[in-house]
Structure formats: structure tokens, C-alpha cells
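Colleague: Starting from the known structure of chain Z, fit chains R, G and P onto it as the hints suggest.
Chains as they are written, first to last, in this note's numbering: chain Z, 357 to 693; chain R, 357 to 693; chain G, 357 to 693; chain P, 357 to 693.
Derived from the structure by calculation, the hints contain no laboratory data.
What you are looking at is a predicted structure, and each value in this text was computed from that prediction instead of being measured.
One should not assume that every hint holds.
Since the list can't tell identical chains apart, any single copy or any two copies may satisfy a pair.
As the list claims (entries may be wrong) - When the alpha-carbon atoms are kept at most 27 Å apart in a straight line, the in silico DSS-like pairs for lysine-lysine are as follows: (1) 474 <-> 450; (2) 558 <-> 426; (3) 417 <-> 433; (4) 504 <-> 558; (5) 433 <-> 634; (6) 634 <-> 474; (7) 634 <-> 426.
Protein chains: 4
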Amino acid sequence: MIVVMEPRAAEQRINQVVERLKSLGFEVHLSRGVEKTIIGAVGERRAEAAQAIEAMPGVEKVVPILHQFKLAGLQFKPERSVINVSGIEFGGEKVVCIAGPCAVESREQLIAVAEAAKQAGADMLRGGAFKPRTSPYSFHGLEEEGLKLLAEAREVTGLPFVTEVVNPRDIELVASYADMLQIGARNMQNFTLLREVGASGKPVILKRGLSATIEEWLNAAEYIISAGNWNVILCERGIRTFETFTRNTLDVSAIPAVKSLSHLPIIADPSHATGKSKLVPAVALAAVAAGADGLLIEVHPCPSEALSDGPQSLTPAEFKSLMTELRPIAAAVGRLL
Amino acid sequence: MIVVMEPRAAEQRINQVVERLKSLGFEVHLSRGVEKTIIGAVGERRAEAAQAIEAMPGVEKVVPILHQFKLAGLQFKPERSVINVSGIEFGGEKVVCIAGPCAVESREQLIAVAEAAKQAGADMLRGGAFKPRTSPYSFHGLEEEGLKLLAEAREVTGLPFVTEVVNPRDIELVASYADMLQIGARNMQNFTLLREVGASGKPVILKRGLSATIEEWLNAAEYIISAGNWNVILCERGIRTFETFTRNTLDVSAIPAVKSLSHLPIIADPSHATGKSKLVPAVALAAVAAGADGLLIEVHPCPSEALSDGPQSLTPAEFKSLMTELRPIAAAVGRLL
Amino acid sequence: MIVVMEPRAAEQRINQVVERLKSLGFEVHLSRGVEKTIIGAVGERRAEAAQAIEAMPGVEKVVPILHQFKLAGLQFKPERSVINVSGIEFGGEKVVCIAGPCAVESREQLIAVAEAAKQAGADMLRGGAFKPRTSPYSFHGLEEEGLKLLAEAREVTGLPFVTEVVNPRDIELVASYADMLQIGARNMQNFTLLREVGASGKPVILKRGLSATIEEWLNAAEYIISAGNWNVILCERGIRTFETFTRNTLDVSAIPAVKSLSHLPIIADPSHATGKSKLVPAVALAAVAAGADGLLIEVHPCPSEALSDGPQSLTPAEFKSLMTELRPIAAAVGRLL
Amino acid sequence: MIVVMEPRAAEQRINQVVERLKSLGFEVHLSRGVEKTIIGAVGERRAEAAQAIEAMPGVEKVVPILHQFKLAGLQFKPERSVINVSGIEFGGEKVVCIAGPCAVESREQLIAVAEAAKQAGADMLRGGAFKPRTSPYSFHGLEEEGLKLLAEAREVTGLPFVTEVVNPRDIELVASYADMLQIGARNMQNFTLLREVGASGKPVILKRGLSATIEEWLNAAEYIISAGNWNVILCERGIRTFETFTRNTLDVSAIPAVKSLSHLPIIADPSHATGKSKLVPAVALAAVAAGADGLLIEVHPCPSEALSDGPQSLTPAEFKSLMTELRPIAAAVGRLL
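Only chain Z is shown next, with the shape it has when bound in the complex (with noise of 0.2 Å):
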């Protein structure tokens, strides 16, 4: 770490801080410019130190160097992983496409949505048994009887499937049902649910929040490795700006700028991250060309008269043109799909 100390530093100060450094056992470079002192701390084993040395008299700022995780990053592991989920494998040359309703609401919708999914060419199985909705009003999700029909979906059709899980005491409900649990955008620094679901080693599809930064979603993918869960799939879903003619935005440089730092599989979801059924078909195609390992992709039998997300909902018809789409993007970055 680097710790700036302000312009015209008393010497007394700069003493203090390498005596400090030093204490906590970090080995010391000085820079001294007519302006500002630097101070180069190697070393960094402990990041509250780091943090804590910014309070101290003449000191201006603390500029971390090192990134906090350690297991998530491609320093650690610098080989790809490659996660294996009930037979599919996210992160090799397959581009896997999960799609789905945003919320499971009857078997007739269900059924319907997994056979059109199946028959277009999806992977593996999306929906939502418990919901977390922005409102206390809205409709919350069938629950277990949800992961019921999500079950007898993955019977008829083969497909398997993944879901959201919010609350720690439903893991392992979930994890008995499901081939894969989702931490949604509002939870990825749900730390509690983060380390139980890493206890679990169950698969998971880690959303990125609404204002993560690409280091915290890094950090909370490390909570669950951390606990002994490897099994960690990315998810970037779009982020938060003032643009109010989409949901969110899609941060296509994530998809990159992830895989220069870890060495986990990156999906994208554009349904989530345009919130406009229309703009989905372009965004999945981009996030495919820009190296996503997978997509996640809001399918409904009948969009507008969905409980929850209909306008950023695909019918199959659309979602199967989708997929033939995508074959050539696939194709054309050396993928299948």
C-alpha cells in the first residue's frame, strides 16, 4: 500500500508513520518529492491497518494496492475454472444459455416455458420460487411448492435448473431441490446468505448489485469460495445510472474486465439489465461477443399477463429466433452454443 502524506509533511509525522508501518510489520520505501512525501508499505496483510493509518496526523490519503480477494482472483488460480452443474459446464467452450420466467406462477406456464426453452436449445432451467420484490405488496413467489414445479419441469424436459435463494434458512430447502442456487443483485453483500451458501458447496450464480463495484463483486464471490464453495458463476445484470430509458445498464466491459482478474465463469442477463423485451436480442448477442461464458434469459409464455418483469420477458417464439441468432456470435469468438 501507499500512504501520500500531505504537502509539506512535518518530518516528526513522517516518522510516526513509517514507525507505524514498520510495527504492524510492513517493510518501508520512502519517496520524498519537493511536494509530497511517499510512502511505500509492502507487505499488506492486513487491510484494516491500512485503512486506519489515513486517520493519522500529516497523513492525506491511503491508496490500497493489492486487491482484497485472494481466492477469486487469477493470481491465486490462474488457470479458468470450469464449473460443472448437474452435467453442464459453464466456463468451457459451450456458451450455456439458462432461461426461463422470472417467477414460477402456475405448471401450466412452467411446463410450457421449459418444453419452448428445451426445444430452442437451452441448457439448463431458470425461475423464481422465492421472490424478492421491491414492494412488500407484490407477489412473493409460490415457494416450495414452486421448487416443486421447477422439479417436475427438469423431469419432463431434462433440463436442470436454477433459483434464487433469499433467505439463509432456506438453503437448504433450495439446495434439495434445485441444481444450482442464484444470490440475486439485492443480496451479493447479503454476507450472511454469501457464507452459508458457500457452506452448502451447492453450485450458485452470484448476481453483481445494482452498485457494485467489479472489486466487490470480486469480494463477495470470495465470501462463498472463502467457505469452501469453488462453484461460483458470475452474473452481471446491468448497473445502476441515471439512463432511465432502461431498467439498468449493461456493463459490457465487465465481461473482460472480470476475466483480466478471476479466473471464475462470467453469464450475462440482459433482460434484467434492459428491462425492454426488444432490447434483449442485441444485448445477449454483445455480451456473447464480448466473452460471456453464459446468459440467463427471461422467457414467458405469455409476457403481459406475467406476475413479475412481463415487459423484459421473451415469448418462446422470440426467444427461440434469439437462440439461432446467437449460434454465429458463438461461432464467431470460437464458441458453441
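Modeller: Here is chains R, G and P on its own, set in the frame of chain Z:
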């Protein structure tokens, strides 16, 4: 709600939307313009229905008119709420000052701060026993041991205390010690936690999420109230913007904005908002001038040795001096402090 | 436009708004709900009138329904614009590649890049002669000398060139050399410059402002078109968000979004969007997959010695390799490159 | 500046960076860690050089340490600037209140506001004659006629006035009438305008750009000062965030932050920041409490008929009442008003 049809939408599509709205129980009013037809739908009891209509053919967008929150709204309860926490009133004439360290680190640290806070005129003590931290490798608090120390500090000083709860499973434990619970910014949309804190009936400080709109924040409060707990105090603690000089950006206009929408008291946390102790006093004064019902301020006996948030913590002497500066501001807006 | 009255607004206030709207020539439709009355006003010829009504007593808010831009809109001109710049067509089948250094630094530098760009298959050359720089002490370009070098590079390679204009007083000079003008992100709302570039009739690349909404960007295009110049090409170059790993955040969804609102061609600038050369290729591929009509890419013979934007510049070899990767993506979306 | 090398960068690459830094005249200090090597480069006279080094092989990032601005900095001029504008001092003991309509619309409107402002205790008058507007079809001001009316209002009331300049070609004209120029938020990085306003020597209010960092804002001030004009007053007018309830978000912490970095006076514009007249008073009080040296407030005799910014304009009566509320706040922070 308003349904805006696409330019020159076909008559048939307009009729379909009208029929759908009527079948959902809405009263419908048509405004036909040269370019666009607008459909006013009165009686929006079902927010889900509203959203899904945006997916109907010919619909450009749906503009909701009513807020989703009800119980948190000024319209439901026009008189301002005054919330009593162990004898301290939030939302009354007095501006409530809550002071203490980010994290409870030791008996010595906590008692020192508590006594200094008391002596400077603080009304309540704060201190984290369960700390949500960005990295799994940071200090996560003393847990129940921290709660015991807080209770001891209360014993010594007479100051009631507030402390954060991050796990639904800990609510009972934390509530058995604390006078008031805190839901942190990262958990503002942890709906499980909101509902269970609601069920506990314990007074709660609900911090605004890093990228939460005021509407979403009030919806989060609605979760707690609709679970039966009206003792909700909102806390503006800075939102995430592009500015990097400060840790976050205190949205001072949220104070009067919330007061124009809700009857709930609102306090401000200048420590997390700025991330820099030297900016805390000016921002604290601003919050009180804008009408804040209280302040939440981090104080540490030795900020440069704090295990978390050192750079934004005031020393006891700085806090005392701030209290002196705050009094005439409170008086200027007709409040006590 | 829609006027939303405050909850339980008095009859008299509703009538005042209705009368005011009628006096401004609007046709008025009332929707009375239990909580709120909504007034639909059809015929919004006067945007100012709309805004000011929000200040009338009893009015909660005014929701505009129509876009402010007209000529830039797909509704005014439903067929896509194809813009010819010295023989190069933007908005046609071909994805146009514009390459070159951030700033023209010397004859050697520019000719080297121009020849490499030509050889790799670029269609046009870019290079700054007048550079808007954040600091007054940075390199601000070679000015007319730079324009002469660009003209010479065009002579040598046959590639037409685009260059930025920052001062209304320089438009004539720049237009006398360049094939196309560029308005940079920081000048997107420099309305004087927009109008005068409009009057010049010269084709122009209009970059999106750092925090401009899509609506504001199209309004900026409207300035140019309404001054008589239909040759406007939009350029998405990244918006400002809280993410700091990248210089900006490319809003890839803006590409299909703009195409759903406007007939104007849209290109992307992955260099400024990411600020990191290693992220440029993935983001360039994404932009083309999303439907971009062209790319603007910074290439420098020796990025580590560039006088500006070195870290985001590709070497000629990297650019050539990117062109090879782009071709199958363009083909996959039915385009040439 | 600090050069952070990639993890395990080869010795040869470290040496290349060291040599390059030395050749640019920097003094170099190496800190070798187990994971990363950090190179401190002292004497950063050339910002461009710093940036380009990030493009060298093996370099992860370059962290600048010094601010780019010099003359605007507290380090260059440690005593606070007091700027005299026709007898009114900005940065002195008095909090300066500038009031007036967004746009000059007519003689009647302007004189009415000017007299009301004067009577309520305002120190200066504001009013737009050249209006930058998002849409080309909006009202763009009365131009020179507006300047004449402002001069007349000054004559009548004795209040000096400030008005915006948007075109370098108009500076001389505007300066011949006005006591002070204003550079609007959208022109904060219109470097041509900055330099020419700098050359004019006229006092100037420099508004913060919608998405400008404090560093960029001070760099913009540096343009004006380095062109010879030290009479720069900064104005915080709200930044763009995701919040939509308010027009912008007033960054109240920017007030003490600027004061910790620069000697220039800083005022606040609660009208543009909030966009809602009912929020203006609370935010105005907050700004003064935070240390603002003045306020810029929109006042209109009949906001609901204003040609621009009606919803955020106070009536003369509301302004008078605000002035009464402001005085004790100013007194509480040791200022006059």
C-alpha cells in the same frame, strides 16, 4: 396509472389494452392525441398488472402514478411520527445525537467513547457487534461479546444503544440486548431481514441503500411497518456516485424530500457519507439545518488504530467541539440539541 | 402530457389547471381516482408551458409523453439514414472502422498509423488537432499544423479523416481540411457549437455526453439537424458511473435503444469507453454484435509514448488482429467489415 | 506518481519503466513486494508522461499523486480568496444572496423580481439572457435585449447582476453589461469558453458540471485562472445521480471538500440542485450551514407561467421568508447575511 400507446397504435391494440384494464377492475379514460393515445387507468390496486401491460402489443410504456408504499406515506398518516426509544424521542423537538465507534473493539475502547459521548451531550450510543464487511478477511465484530460490552457501557453512562443486525437468526439475540436495531445500507433490500425485524417490534434505524431511490427506501420501510412495526427511523448515509474524493455523497435533499412523502423521522450519518473526518462537521451541520431529526456519528478514542472506519471517525475532542457547533444550528431551525 | 394532481387536490385547483391547459390550446381529459386526479393534455406543442404547470398549486408533477426531438426521431423519418462521407457510407451494410491516434503528434507518428490502419482494413482516419483536455497544462494539439498532417495522411493512404472541433470560430478552418467533424463528449451540450456545426452542413460525429441520457443526446442531434444538417452520426463512448476499473462504462444497450428511437446511424468508441487497451477488443466485438454501424478506435505506433490516451490505444498489430476478429462478428449480424 | 507493476513482472520490464521514468526527469524509488513491485516517481512535471507509462509492458496501473491544478489550490495560495464584484465580496464574512428569474422574460417580470429581491435583502440579481436549453425548440432568451433589461433593473435597484455566457463570441458583449459572468454546468468543460472568460478578467461564477468530479471542476477553474483571471467563484448546483425525485443531487459535502483543496469561494444553487421549489429552503439552509459563501436562487413573480424552470422557482414571498430563515443559520456559523 398511465398507459402510453406507441405512436399511431392500431385501434384494435388500443381496444385490447382498454379491455385488459377493465377486466383487471380499472376505470379507463382515453386521451387520443395526433401522435399518441394515452390511457388513464384509475384504481391501481394491483401493481403487477400494471407492469405486465407494458408487454402488450402497441404499448410504449406504463407510467405508475401512485407510490407503492402506503403505511409509510404521509397520505396514510399525515401527522409526523415521534418514536420513543428507551425514553429518547426521534421526530420530536430534540435533534437526537447518536455517537460511538464503528465497531466495538474492546471494553476500554467502548467505555472511553461512551463516557466521552455522554459528557459531550450525546443521547445514545452506537457500536457494531456484527459487522458486515466487504472482504471476508476483515474484522467482523465481537458478536455477543460486543453486545455485552454495549450493555455494560449503557449501564455505566445511562445511554441507550443501537447496534446493527445482519442475520435474521440473530435478531432475537441482538434485540435482547439493544434498545434499537440498525439495518445497514447493504441490507436495505434484504427483505427477509426487513420482515423479521418488523415482526420483532423493536425500534429500527433503516439506512438508505447505496443506490436506492427514495421510493425504494420507503418501500423498504413499508416492509417493516406492514409486518407490524411502526418504529422505523430512516437514515440518509450517502449514496454512490461517480465522485471519488468522498466515500459516498450525502443526499441532503433527501431529508426534506422524505419529509414531503413520509411521516417517519429521518436522521443523517455524515461519517459514512463523507468517509473523511475533516468533512464530518460541515455535513453534520448541513443535515441538521435541512431538518434532520438526528445524527449518527462515529467517534473513536484513537481513529488511527480503529479496526474499521478510522479515517471517518472523530476523536472525542472533535465530537465535543462538533456538539458545540451544532447547538446554534439546531436553535436556528427551532430545534433543541 | 400528463398532469398528476396532489392527493385530494381541491376541485378549484383542478379546474384552474384545466383552464390553464385549455388556454394554452391543449385538449383535456380528466381521470378522477379515489386518491389522485390525473389530467391528460393532448397537443403538447409547447414544452415550456408543460414544465411551468408543475408550479401551479395542487399539482404534484407533470409527466411529458412526447419526445422533445422530432427530426431526429424514427417517427418523423421511419427509414434509416445512410450518410455518405467522402464515399464511405455510415448506416449501410458495411460497419465503418475509423482508426487513428488520439492526437496528431508528428508527421512520422501520423503517417505510420495511417498506413497501418489502411493496411489492416480501416475505412477512415481519426486524429485530434484541437484537443479538449481536462487540465490547461496538458498537450492541446498541433492545431492547423495537425490538420495539414491529416490531409497529407489522407493523400498518402486515400483514407478520409474525421477530427474534433471545439471552438465555433474554428469550424470553417477545420471543415476546410476534414471530411467529417467530431463533437466531443464534453461539448455535447455546447449548443452554440452544435448550431454552427449544423449550419456548416459538414457530416458530423456527435459523441454522447458523459452523463447524457439518450433523450438529451437525441436532442443535441436535433440542434444540428434543425440547423439544416442531416449528416449526423451518433457515437456511444461510455458514460460516467461509479465503476473505477474502467475509464467509463460503455452503454451497449444504447445501440439498440437509439435504433428504436432514431433513424440516425450510431457507432461506438471502445477506446474512450474502457480506457484500457486490453479491454478494447472485447468491447469492440460487443458493439458490432449489438448493431453498431461503425467503430472509432485509437491506434498509436507506440502507446507508451503517446501524448494523450496511451493506455487505451492499440498498437498497429493489435488493431490488425482486432480487425480479423471483427469480420466474423459483422458477418454473424449480416454486415460487412 | 506511483507506477504499480503487474504481479511478478519480469525484472527487465521493471528496469524499462525505471529507465523511462529517469529519462523523463523523475527521481525513482523502488518498493519490491512479494506480489507486486511499486515504483515511486518523484517530480511529476509532465502529466502526459505519467499517463502513457501505463501502456508499457508489465505495468498494471499508474496512480497520480499530485493534483493537476496548481493556481486554484490551497497549497499554492493558502489564504482564502475574497472576490469583489461591484462592491459585493464573495468569500468574506457575508453570505452573498443572488436572486432572480431563470430567464429574463420581460421588463415587468424582471423589475418585479429585482425589487422583491432587493426588498428581501438579496445582494445581487441573476437572470438569463442567453439560455442554453436541452431542446432547440425551447425559449433561448432575449439576448442583448435581456442584458439591457438587466442593466435597467440594476439601475432601479442598485443590485449588480450576473448572467450566463454560452458563446465565446458573446463574451465582450455580455461583459459590457454584466457585473459578473456565469459559466453554466453544461459548459464547465467548454475549454474555449473558459480560456476566453479567463482572458476577459471579469469575475465569473463557474458551475460544477453535471458529472464533474471536484478535481475536474478545480481543473476548469485552473483554465480561467491560468488565463489571468483570479476572480473565480465556484457554484455547486447538483450532480447527476440515479435519484429521479429531485432534478439533481446537491453534493453538500463538496462545499467543505472544495474548501479543503482550494482558496476559491464556493456558493450553492439549491434551485437547480433540487428542481422543486418546496425543497429549495431546506437545501439552502444546509448549504449555508456547510459553509457556502453564497446562494444562487431562482425567484419568479409567477412560477407557473415561467418560460423556464418554473417548478424550481420561489415566489417573491417564499424568497423573503427564506431570507428570514437563513439569517440565524448564517449567524450560527459565524457569518452575516
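Colleague: Which of the listed hints are not met by the structure?
Modeller: none
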